[in-house]
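Use these hints to put chain B with the ligands onto chain A, whose structure you have.
As a plain string of letters, each chain reads:
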Amino acid sequence: MDGLLEEFGRGDAQARAESWRYSRHALRALEQQAFAAADGNAALPDALIERFDWPQTRGHRLVFVNGVLHAALSDASTSGAIVESDADGARTIRFRGKGVLHLVFVNAASTAPSRWNARLDIRVESGTAYLAEQHVGTEGAGVLGALASAIAIDAGAALKMVTLGDLPTSASLVRCNRIALADGSGVDATHALCGGRFQRFDIDAELAGKKARFDSRGVFALRGREHVDVHLNVRHAARDTTSDVLWRGVADGRARGILHGAITVAPGADGADARLETKNLLLSPHAEIDAQPVLEIHADEVKASHGATVGQLDERALFYLRSRGVPLAAARNLLIAGFCRTAFTHIEATDLRGPFEALLDAHLPQQAGSSE
Amino acid sequence: MALLKIDNLHVRVAGKEILKGLSLEVKAGEVHAIMGPNGAGKSTLGYVLAGREGYEVTQGRIEYDGKNLLELEPEARAAAGMFLAFQYPVEIPGVNNTYFLKAALNAQRKARGEAELDSMQFLKRVREKLAVLHLKEDLLNRAVNAGFSGGEKKRNEIFQMALLEPKLAILDETDSGLDIDALKMVADGVNAMRAPDRAFVVITHYQRLLDYIVPDFVHVLADGRIVESGDASLALKLEEHGYAWIAQRKLAGAA
Ligand SMILES: Nc1ncnc2c1ncn2[C@@H]1O[C@H](COP(=O)(O)OP(=O)(O)O)[C@@H](O)[C@H]1O
Ligand SMILES: [Mg+2]
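Sequence lines, in order, name chains A and B.
Using numbering that gives the first Met the number 0, read the first sequence as starting at 0 and increasing by one per residue.
Using numbering that gives the first Met the number 0, read the second sequence as starting at 0 and increasing by one per residue.
No lab work stands behind these hints, which were simulated from the structure alone.
You may find that some hints are simply not true.
Said to hold, decoys possible - Pair by pair, the computed Cβ-Cβ distance ranges are:
no.	chain 1	residue 1	chain 2	residue 2	range
1	B	Ile179	A	Glu314	50 to 60 Å
2	B	Lys66	A	Glu314	17 to 27 Å
3	A	Pro266	B	Ala13	44 to 54 Å
4	B	Lys135	A	Ser84	36 to 46 Å
To be verified - Computed footprint of chain B on chain A; a stretch qualifies when at least three of its residues, placed anywhere within it, have a C-beta under 8 Å from a C-beta of chain B:
no.	region
5	306 to 316
6	350 to 361
Here the structure is a predicted model, which means the values were calculated and not measured.
Every residue gets a Cβ at the ideal spot worked out from N, C-alpha and C, and that includes glycine.
The following block holds chain B by itself, in its conformation from the complex:
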C-alpha cells in the first residue's frame, strides 16, 4: 500500500490555479525526486502536503498512511510523520531553538500516545543528530534560524528532520544555495535516514543533489502536473537537454 497517494490534485492559491491535476504515489522505503522549472508548483505541492493555509484544494484527494490528509491540521500531520524541509526556512527571533524543538518533539510524541522525553533524553538525542550534520552545539542556544547563514538554515532543516524522525520527508530545494561540502552533509543526513519504513520526496531544481541522494524515481513537474516519470537516468537527461526538451517531447507526442 502506498504511504502517500495523490490523485488528480487541483490547488488554487490567491485565486490562481497552480496545481492542475497532479497525481503521485509514494511507497514506504522509496525516494522520489521532483524536478521542474521555477514557478511549476513544486513548493505549492510541499505546502499543500504540510497543510499551509491559503492553499485551497479545489479537486482531487490525498491519502496519507491510510488517512484523508486534507482533513488534518498541520500539527496533526506532523504527528502522523509528515515533515517539510522549507525552501525558505523562517526566522523566528526570540524563540529559542532547543525550547522549540523540545516542544515540537514532545507535542508529536504526546499526540501519538508516546511518553514525552525529559531534558536529558532530549539532549542526548539532539547531540547525536547534530554530529551527523556537523552543526555546532551553540546553534541550540540561538533563536530559530535567526541570523543563520543560508547553509546553516538548510542544514538546520535536515537536523530537525533527523530529530523528528518522520515517515515522509519532503525536502524543498534543500540543495539550493549550498556549497559542495554542505551539500554532502545534507545528503549524508538524508542517506543515514533512508529506511524501509520511511520515504522521501526530494524537490530540486538541479541534478547535482541526485548524485548524492540517488532516487528510485524521478518526476518532472511542469505547469501544475507531473508530465514525465522515470528512473534516476531521467534526471541526467534533463540536465543535458533542459526543461524545454520535455515541453517539446510533449508537443511532439500530442501532434
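Bound conformation, chain A alone:
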C-alpha cells in the first residue's frame, strides 16, 4: 500500500523506491489519515494575510489557497506576466521582457486532514523574470499540498527566483521544479525550507542548450520532528554549460534532513563546469542528516567539483567568539545563522533578503542558556 509513493514518485518502481528511501516512512505515516479535499475558499485570518501582503508586491502577486487561485487577494496587473489556464485547472505563467511576480501558496487547514494538488508552469520567453514564491499555512488537522512546476527558460532569457517554505507544524508539502534551460539561458534560485511536518522538494535541472547556467542555493533549518527531503538532479546535456549548487542544512531535536545532490554530465556535453557543495550541521545527537552526492561524467574536458559534509558546530569558531566576550548561547546562534547565510549571497534584491533572514531567525534553534 504505497499510494502516495505511486503518486509523488517518478520513474519506475526501483527509481521511486531509491529516491524515496529516506522518506517512505514519513509518507506511510501521512497515508494513515483519511484526507478530504482541501477547501479552496477557506477564510484566511488577518495575521496570515499580513505575512505575505508585502506592500512592494501589490499589483504583482497571485495567491493560491489550497491550490485554488484566490481572486480577491490576487492582482498581477503590473507583473508583466501573462497568466493562462487550461481546462483541468493547470496554469502557465509567461514572461516576456522584464517581469516580477510574487506567488503565495496558502495551506489552509480545517478540522479534518485535507489535501490539494496544483500544477503551475512557468515560461520565460525573453528578458529576466523575478519570482518570489512563498508557502505559508494555518495550524489545524493538517494539509498535504502538492505543487508541480515545469519551468522553461527560452534562449537568452533568465529567471531569478527565491522560494520560502515556511509551514505550520501540521502541514506537509511536496514540490517539484522541472527546469529546462535553452541556449545561453539561466536560472538562479535560492530556497529556504523551514517548519512543517514533511517537506519534499525535487529540483531537476536540464541544461539542454549550450552555455546555459544553473545556480541553486538553499537552506533547510529543522527542529522537533520536522522532516525535509531535498533532491537535486542537475543534468548537463549541452556544451559549455555551468552549474553551481550550494546548500546548507541544519537539524536539531529529532529532525531529519535529506540532501541528495546528483550531477550528470551527458555524452557530448563537453566543457561542462559543475560544482556542488552541501554542508550540514547536526545540533543534537538525535537529529539526522543524510547528504548523498552523486557524480556521473560521460563527456570530455569537464570541470566538476563535488562535496557533501555532515558535521557539528566548529569548536574553534565557538571558542573564538566566546574569547571576544560573546556568551555561549549567542555565539552558537551566531555561528548557526552565519552557516545558513552563506547560502543567501545570490539574493540580489535586498528587500527579499529580509524575509529570508527573518524566517531563519524564527526557525533556527534558540539555544537558551548553556545547559544541554
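Same frame as chain A, now just chain B with the ligands:
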C-alpha cells in the same frame, strides 16, 4: 599587586602533559615577552588563559585581577579584560564582522554593568581604531576572517584588541608571517595602547618584533616551563645563540 599570577601550572592536552610547572607574574603596565622553541607550550599557555575547552589544568592556580581565573567561562574572562590574539585566527564564513564585534563589545559592557553602545557610537570607535592599523573599512562588511590574507588576519586581531580595550592582552605569534610594514603597523597598534593599567604578554618566536615592542621582561619557555627570565637583552642573546644555548646552560647549571 600582580594583575596575573600563574603559580606552578600543569596542563594536560589530549592526555599529554604540556605545561609542567609554569610560574609567571605580570603587573599592570608591564610588557612581558615569552620566547621559546616550537612545541614548547606557548600557545597552550594562551589558550589556558583564555579558557579553551580540552586544556585540563591538573595542578597549580591562576589568579587574575584578584579572581580565580580558572573558574570563569571564556566570555567572563573577556568581560574581565582578558584578550588573546590568536596565532591562527579562525575564519567564520557567514558571520558579519561588524555584527560580531558589536555583539562582543556590548556583551562585555553589559557583563560589566556598563551602558551598551548604539550603532553610531560603535562605528565612531571602530573608525578610529581601523585608522591606526591602516585597515580598510570594507573589512567591516566582510565575514570574520573569511578570505583574509595572513597579514590581514593578524592586523584584524590587533584591531579587535584596540576596539575591546582589554586589561591583559596575550599576543600569540602575531608577528609570524608579517612583512616589515605590517609588523610595524601591529607594533604601532600595541604601543599606542601601552598604559599604566594595561599589560601585554607577547609570545614570539623571533626577536624581530621586540625591536618595535620593547618588553620590560623576557622569558624563555621550554618544555613546559619558564627556564630563564631577564630584561630585553635576553632576547638579543637568544637571537645570537639560539635556544640550544639555554638548554646547554641549564645542563651546565645542573652539573
Ligand atoms: N589540541 C591539541 N591536541 C593535541 N596536542 C596538542 C594540542 N595542542 C597542543 N598540542 C601539543 O602540545 C605541544 C605544545 O604545543 P603549543 O602550545 O602549540 O606549542 P608552541 O605554541 O610553543 O609551538 C605540542 O607538542 C603540540 O603538539
Ligand atoms: Mg604556538
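Which of the numbered hints above does this structure break? 1, 4 and 6
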